[in-house]
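> I would like the entire structure built from these sequences, with the hints used as guidance.
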Amino acid sequence: MSISRRNNVTVSGPADGPAVVLAHGFGCDQNMWRLIVPALAERYRVVLFDYVGSGGSDLSAWDPERYASLDGYARDVVEVCEELDLERAVFVGHSVSAMVGVLAARTAPERIGALVMVAPSPRYIDDYGYQGGFSAEDIEELLESLEANYLGWSSAMAPVIMGNPERPELGQELTNSFCATDPDIARVFARTTFLSDNREDLSSVSVPTLVLDCTEDMIAPRAVGAYVQAAVPASRLVTLNATGHCPQLSAPEATAEAILDFLRTLR
Amino acid sequence: MGRRGQGADPSGTGDDAGVDATFTALLEDSAEELYESAPCGYLSTLMDGTIARINATLLDWLGLDRAGVVGRRHFADLLTIGGKLYHETHFAPLLRMQGELRGVALEMRTAAGGKLPVLVSSVVKYGTEGEPLLIRTTVFDASDRRSYEEELLRRRRDAEQARAEAERARAEAEEARRQAEDAQRQAEADRARLADALAVLQQSLVPASLPEVPGLETAVYYHTASADRLGGDFYDLFPLDGTRWAFFLGDVCGKGPQAASLTSLTRYTLRAAALHDPEPTAALTTLNAVLHERYAAGGDPRYCTAIFGVVEPGADGRTTVRLASGGHPPALVLRADGRADYLPTPGGLLIGILPTAPIGTVETTLAPGETLLLYTDGLTEARTGPGCDQLFGEDALLAFGAGQAPASPQETVSALTKLLRGFGDGLDDDTALLALGVPAARPHTRPATNSPS
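Chains as they are written, first to last, in this note's numbering: chain E, 23 to 289; chain G, 258 to 710.
Treat the hints loosely; a few may be bogus.
Below, in silico cross-link-like pairs of lysine to aspartate or glutamate (EDC-like), each with a Cα-Cα straight-line distance of 16 Å or less [unchecked claim]:
#1 G:K372 / G:D334
#2 G:K372 / G:E407
#3 G:K372 / G:D398
#4 G:K372 / E:D149
#5 G:K372 / G:D317
#6 G:K372 / E:E163
#7 G:K372 / E:D160
Because the hints were derived from the structure by calculation, they are not lab data. As the structure is a computational prediction, the values presented were derived from the model and not from experiment.
The structure is reproduced here in C-alpha cells:
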C-alpha cells in the first residue's frame, strides 16, 4: 500500500505551486482544514493527510508502539513528504502536530523549509517556571476518563456524534471520518499528546516559523504561545482574534490570512 | 386531555369546571416560564462560547447564579477538565462543521465541586446570509443513564475477563491433553522398545526351534506366566556328536527378569559343560559349581532344578536314554503297551545350594511308540478343582499319561496343552514340556515341533 493511500493524502492547488502540508491534531482529521484550504489553494499546492489511526487512514497500519511517541507521527509526515517528493515544504501543524512538525523538520530538513504552528503547546502540564495550563492531576483525570471509555469517546456514542440526519448533504464521507476515532487508538493518541514534553526540542528549530495562538484557548493559553515564540529562534507570533483551540474553524479568514502573510515573506 | 380540554361539553359538571381551570393555567404557562423551568437545561451562547442565556433548571443543577454566568462564562467553563478537552478537540470542531450535535456525553462541574453527567445537544442558529449567529444547547441530566452505562461497561469487562479466563483454562486443558498424549506416545514407544528387547532376550532362554534328531520325534510347549514373557523355565536339545544328543529341562527359582538372567546362565552353562563332558551327572555337577560360585557364595543363593539327559538312538529302533536330575520332578514315560511310569531319580537335590550337589540318575530304553516326557512343576502344581484349591499333582499326571499312552510326543504335548488350557486361571506358573520318543510304526524322521505359547 502506498503512503498516500495509507495516510489518505489529498492534494489540491496548482501542481507547480510551493507545497504547503496541513497536519491535523488530536481529535479529528484533515477536514479540520477545509474552511481555509480554498484560500491557500489559489497559489499553493496544498497537501492534506490523516495520521495513521485517524480519519480515512488505513487503520490496519496502526501500531500502538510506533504511535505511542510523537516520533511515530513525525515519520508519517516525512514519509508523506518523501512519497510526494516535496522539497522545503511549509508544514502547518495544528495543536500537537506543531511539535510533530518540529521533529519532522529535524529528521528531514531538506523536506521542510518552514513551520506554521497553530495553537501549539510543547507541554500541557505545568512545571516549575512553566505554565502549560493543566496540572498533572487534570491530565490524569482526562486520561482516566479516556481509559474508562467515558465522555464522548465511548464507541457507543460515536455514531450519535457522527449522525447528522438533518444535513445529509454533508455525506457519509465527512460524518464517518471527521473526529470519529477508534476509542483504543484515541486513548494512545491522547496519552502521547498530553504527556509529551517537547520544550527542549524548540531551540533546535532552524527554519522560519510562525506561531499562531488565540485570544482565548483553554488548551493552549496565550502564555504557552509566547513561550513557544520565545524558544524558537527564527519565529514570530501572531495572536488571532479567535476563541477556542481551533481558529481554522472559528476564525478561518483570519487564520488563512495570517498563514498567507507568512508564506509571502518566505519568497 | 384533549377531549376534556374542549371545555364546551353541554352536560358540564362541577368536575369539568376544575379541569377547565387546570387547562387554562396550562395555556397561561408562558414560554418564558416553560424555558426557565423546563425539565432540562437550556443555554444559548455566542459563537465564541460566551453564555448569553441560561435557564433556571441548569443554574439550579449546577448551583450557579445567573449574574455570575451570563456574559462572563463560556460553555466550556461549565465542563470538567476532561469535558473541556473533549469539547475543544471534538465537540466544537464538529459543531462548526456540521451545525449541530446530538446526545453527546459530557460531564459538568457543579459549584459544590461535584460532577454532573449530562447529554448535550447543540444547534447553530444561522443568519439570513448563512452566517452563524449563536449556539442553542439543551442539557439532559444523564446521571441514571451514566450509571447504567457504567454498569454495562462493568458487565462487559466482567464478561471479557470471564471469557479470557475460560480461554486460558481451555488453553491449559489443551496443553495438559497434549502433554498426556505425548506421555502416552512415549509410554507406547517405550513399551514397544521394551517388548523388542524382551523378545530378543527370550530367544536366548529357549531355542527358537528344536533341531531334527534322526530316529526321534520331539515336541515342546512353553508358557510364561509373567507379563514380560521372561520365564524361569528352560529346555534345550542339541547334538553332542554324530550319534548322541543331549537335552535338558529345568526350572529356576523366581520369576521375571531376575529368573531370566539365571535361566540364561543355566542354559549356556549346561550346553558348554555337555560339550566338555557329555556325562549327564557331570553337566549338572558343573552347573551346580557355577551357580554356587556365582550366587550362594556371595550370600545370594539362587538355584534351579533340572533334568539333563543324553539320548542315543539304537540300530533296532530302541533308544537308550540316560537321565540325571537335581531336585526335579521325575520324568514320565508313556509306554507302547499303554502304561505310564515315572522314572524316579532318588537322591538328587536342588542345584546351586550346596558346594557339591548330590545328583540322581536313571536310565531307560524307549521302544518304538514310546515317549519320554519332561515337565516343570507348573504342570503338576497347577490348581484345579471348582475353587482352584487343589493341585493337579503327580498322581493325576500319571493317570493322565496312562490314559494317553501309547502316544507320540506331539500327541502327548497336544493333550497336555489342551489340559493346561482347561486349567485357565489355575495355571499361574511358568510351564515347560519337552517330549521325545521313538516313532511307533516305520521309524522315520518328523520335523521338530515347537509351540511356545
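> Give a verdict on every hint.
Hint check:
Annotation: proposed proximity of G:K372 to G:D334 holds, straight-line Cα distance about 13 Å (limit 16 Å). Restraint check: the Cα-Cα separation between G:K372 and G:E407 comes to about 15 Å, which is no more than 16 Å; the hinted pair holds. About 11 Å separates the Cα atoms of G:K372 and G:D398, which keeps this hinted pair within 16 Å; it holds. Proximity of G:K372 to E:D149 is assessed by CA-CA distance (about 27 Å); at most 16 Å being required, the pair is judged violated.
Between the alpha carbons of G:K372 and G:D317 the distance comes to roughly 14 Å, so the proposed pair stays at or under 16 Å and holds. Restraint check for G:K372 and E:E163: the C-alpha separation of about 13 Å stays at or below 16 Å, so the hint holds. With a C-alpha separation of about 14 Å, the suggested pairing of G:K372 with E:D160 holds against the 16 Å cut-off.
Taken one by one, the earlier hints fail for this structure only at number 4.
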